[in-house]
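Here the protein sequences come in this chain order: A and B.
The numbering of the first sequence is this note's numbering, which starts it at 341 and goes up by one.
The numbering of the second sequence is this note's numbering, which starts it at 1044 and goes up by one.
Worth flagging that the hints you see were computed from the coordinates, not collected in a lab.
Take these hints with a grain of salt, some might be off.
Stated by the list, open to error - Pairs of lysine to any residue residues, derived as SDA-like cross-links and limited to a Cα-Cα distance of at most 20 angstroms, are as follows: (1) Lys1100(B) / Lys1085(B); (2) Lys1102(B) / Phe1073(B); (3) Lys1142(B) / His1055(B); (4) Lys397(A) / Glu419(A); (5) Lys1085(B) / Ser407(A); (6) Lys397(A) / Phe1138(B); (7) Lys1085(B) / Thr347(A); (8) Lys1142(B) / Thr394(A); (9) Lys1085(B) / Lys411(A); (10) Lys411(A) / Lys1142(B); (11) Lys1142(B) / Ser450(A); (12) Lys1142(B) / Glu392(A); (13) Lys1142(B) / Leu1095(B); (14) Lys1142(B) / Glu419(A); (15) Lys349(A) / Arg412(A); (16) Lys1085(B) / Gln377(A); (17) Lys1142(B) / Arg384(A); (18) Lys1121(B) / Thr1152(B); (19) Lys1142(B) / Asn405(A); (20) Lys1085(B) / Thr1147(B); (21) Lys397(A) / Asn1046(B); (22) Lys411(A) / Glu435(A); (23) Lys397(A) / Leu1045(B); (24) Lys411(A) / Gly343(A); (25) Lys1142(B) / Ser407(A); (26) Lys397(A) / Gly1139(B); (27) Lys1142(B) / Glu399(A); (28) Lys1142(B) / Gly437(A); (29) Lys349(A) / Glu435(A); (30) Lys349(A) / Glu1088(B); (31) Lys1112(B) / Trp438(A); (32) Lys1142(B) / Ser391(A); (33) Lys349(A) / Ser1086(B); (34) Lys1102(B) / Phe1138(B); (35) Lys1142(B) / Lys349(A); (36) Lys1085(B) / Arg448(A); (37) Lys1142(B) / Thr347(A); (38) Lys1121(B) / His1055(B).
Each chain is listed here by its residues.
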Amino acid sequence: NAGVTQTPKFQVLKTGQSMTLQCAQDMNHNSMYWYRQDPGMGLRLIYYSASEGTTDKGEVPNGYNVSRLNKREFSLRLESAAPSQTSVYFCASSEAGWWPQHFGDGTRLSIL
Amino acid sequence: ILNVEQSPQSLHVQEGDSTNFTCSFPSSNFYALHWYRWETAKSPEALFVMTLNGDEKKKGRISATLNTKEGYSYLYIKGSQPEDSATYLCAFNEFGNEKLTFGTGTRLTIIP
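Just chain B, with the same shape it has in the complex:
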């Protein structure tokens, strides 16, 4: 079983502040790293898929970076808004494997 870890488990951030959290994954046999956003009572929605070491992706105020050699990815949210409150999941694709292994997520709460 592959080990995909996310930290912190939960986070409370004041509206307007910026924040970031981490996903750690195996550094060998890397193929892709996914980030998903999961709002309460909804289903997960894909944010980014990254495949190359050094990759950076951006969507509005949310961005992500990838370091495949050391096995980590950061997700950044700039100027947090209440609608950013959600659980953020990362998921790892091993080379040659159709399956995704998910982390347990970081639960982000934005305090107005």
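This is chain A alone, in the form it adopts within the complex:
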């Protein structure tokens, strides 16, 4: 029972590099989310997808793009990484908007 799987778990980038964080869920959930977690800020929503083929901005979308590749997968892309994007990134999924969310283990991203 994998649940929500995020890769990679850790990554160090240089300013200006790009990378894609991968997320996959095996619970047949409709909704998927990307959050970032910073000290003292709690979890902040970057983007979410209510269903396959749809995406929408959250609270802090600038500098990120997302793709809902299919019902299982929701990726987050940093096109040109900046030190301000150093954070822990969590992917989550749920049956629908108000249902409990299931979280992945997180990706710790450092940008130098």
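Following the hints, position chain B against chain A.
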């Protein structure tokens, strides 16, 4: 941006004592209120989702109440145990909105 506040920010409780903490959220356009438990080095896990005013939920020694008219929820832990040490997050669903807005959490430490 919706305002979801949790108090206190942190709390130290002697093993065996009971404790409670608060989540405040907007009282208009309420749809659901979530509680999550987040242990260090793990990912958040859903405890409860409450949708009705007056709702009470219980899971073992942990329970929660909801007052949507005044915009608050309490989480109670009875007879605290060391394994209860974690950060407890609440999150608010606005009516018609797939997104969750998280509070910054209450960090609970149980002293053996």
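(request) Compare the structure with the hints numbered earlier in the document and write down the numbers of the violated ones, lowest to highest. (result) 1, 2, 3, 5, 9, 11, 14, 29, 34, 35 and 37
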